[in-house]
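Participant: Chain by chain, the residues run as shown.
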Amino acid sequence: MARASAAPTVRRVTESRLFFPLVVLAVILLFNLVYDAGFFALDTIDGHLYGNVIDILRDGSTVMLLAIGMTLVIATGGVDLSVGAVMAISASVAALLINPDLQSLSNDPNVTATPLPVVLIATLVVATVCGLWNGALVAYGGIQPMVATLILMIAGRGIAQLITNGVRIQIFYEPYAFLGNGWIILPFSLFIVAAVFVVAWLMTRRTALGMFIESVGINSRSSFFSGINERRVKLVAYMFCGFCAGMAGLVASSSIRTSDANNIGLNFELDAILAVVIGGTALGAGGRFSLFASIIGAIVMQAITTSMYAIGVPAHALLAVKGVVVVLVILLLSVQVREFVRRVAAPKAA
Amino acid sequence: MADWLGARLSRNRRFIPLAATITLFCLAYGYGAVVYEGMRDPQVFLNLFRASPFLLISAIGMTFVILSGGIDLSVGGVVALTTVATAALLRGGTDPWLVIVLMLLMGMAIGATMGAFITFLKVQPFIATLAGLWVARGLCFWISDDAIPIRNRLWEILGQTKILIPGLADPTTKQGEFVSIMVVVELLVLAVAVFVAHYTRFGRTVYAIGGNELSARLMGLRVNRTKMLVYTMNGFCSALAGIALSVDVSSGHGLYAMGLELTVIGAVVIGGTLLTGGVGYVIGTLFGVLIIGVIQTLIQFNGQLSSWWTPIVVGLLTLAFIGIQSFLAALKTRQSAVQRRVGHARPTDAGAGEEAT
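Just so you know, the protein sequences line up as chains A and B, in that order. Per the numbering used here, the very first residue in the first sequence carries number 285; after that it's consecutive. Per the numbering used here, the very first residue in the second sequence carries number -17; after that it's consecutive.
Calculated from the structure, these hints are not laboratory results. The structure presented is a predicted model; accordingly, all values stated were derived computationally and were not measured. Some hints could be false.
In silico SDA-like cross-links for lysine to any residue, where the CA-CA straight-line distance does not exceed 20 Å [to be verified]:
#1 B:K104 x A:A461
#2 B:K156 x B:T143
#3 B:K104 x A:A566
The following block holds chain A by itself, in its conformation from the complex (with noise of 0.2 Å):
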């Protein structure tokens, strides 16, 4: 009924949610082009493009992927702190069914023990469901999302240990290999990023479900009240973020060529979490969100793990810069800085 009068109100909100990760990005990829002139040289390999940004977009599609579903979670006022475990899971579940037998592993690049769409169906599936357990959990069993969703993330690696016996399975099949190590032009991985954002954005602008998850992020109880059945639209998130998370284990043990259930994901959900928040999505409150502003808040977040590395800081260090930026990250974005902000500037304005 308001729509007439809310569209610019709307427009600016977007353009200011895009601005702030838009704008960190931008400082970081400066920062690379000061100390590197040649960091956005980009080379062509048989028709094929190289160079960092290409890098930055490659290793960020698992953040990307873990993002789009991160945003649906958060906006619905929850958070799924298992997709690293979630990822674990699927990357095991996807290398036995590939090379079932862990004695003797067949090392021919053409052989699979099941075929690739089932592997690829039923790594989703076993996914999906852990997603579902999650909601089940946050919806059905009335439990805070950060506890229930901690459960199958200390249980997750233990599980998907299990799944593969404690072996660290090789993935020698090379067309398995192609979703994270492929390229058609530009990396695959980022066609299926771009595939599944594709199907979340048409999810939730193309139909009820967006409003829906904002409505129940801004009020679960009023969102009840009004007919909506908030219980199944917080699970189809946490579903839908499962999902995202057994994507992103396919294409990570793709590209790594392992089953890691120790390493694979680890941190993860930290990356995913921050990458939404820094795309604006209020963490705790939920409610309106972005997706492409999650999308880049991920790009923002392997920029500065790969500025980092090209500086020489030692991998497990980064955490410690990582840890500041989300400090100041938070910092900028609470009520108390904005508001003390805007203390000290009025006098000059007025």
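Based on these hints, arrange chain B on the given structure of chain A.
Facilitator: This is chain B only, laid out in the frame that chain A set:
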């Protein structure tokens, strides 16, 4: 008569999770003692305390944080940072007592910083402490990429002194059941924590904040100061746990205590503390830690099961205890709703009951 029974039941309902925890511990240990002859050895029981002083110490700190309605995900990082910093300082020749004091101060400083973010900038505890976890773990590797061994007389004394249990050991041959100095330290921390939680104004304020922060504020309780103290105290506990771990393994490395925060939260929840805050007992945490210890011991004695079952069982137990708590909370809501309909309870009571669930 029925009134009396009902009142008694509802008064004791808060003990149900604690009773369940203790029963579970006894059942699990009893089962082990029946099946495996080795577990009847009293030393195995003492080893439950000896194996992980750092787990209990950090779980005690976490209990206060969770009771206040918060969460601290940084413990693993702070513990690892303490081991690395301790090892580096000792290698550099710093006085060991000074090292201990410095480490405890560092832990408190980290805790206080996170507490300030949570209290004054209204950052969600989960995010603020996550950032703390990353910074702490990152700093470990800034100090050293590799594990640093600790060769120090004091650390040897702390780690290797056997305190013999009277009646179970022979003092002349120094053979028999024993505990280590760190076990005494952890039990001391436990005793202090029980006292602080249940017999001081600070402890009552923590419970009040966890029950309803706004009400606590309106009651004139010093909410900000208490929250700061809770996180500072947890930083202290993490640092102490880090020292305990460094004594245990006599080295320091940034990859130690990976995922410790999750085990610790699991132990606190299994100990019957409500994750929404305000309900729970410090003593329950002891049994939570012991149950995790028993699970590990059972898996070791079994020999067939892989150690990956430990996180799975811990996860399931955490879930089970959350389930019990939600059930009890639902029961309470229904009861207060009934009371409201009958008109026995004052409206404020019913409202408060609903708020708490």
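Participant: It remains to establish, for every hint, whether it holds in the given structure.
Facilitator: Verification of the supplied hints:
1. B:K104 x A:A461: Given that 20 Å is the threshold and the Cα spacing comes to 45 Å, the pair is violated.
2. B:K156 x B:T143: holds (11 Å)
3. B:K104 x A:A566: Roughly 13 Å between the alpha carbons, so the hint for B:K104 and A:A566 holds.
Violated hints amount to a single one, hint 1; each of the other numbered hints is respected by the structure.
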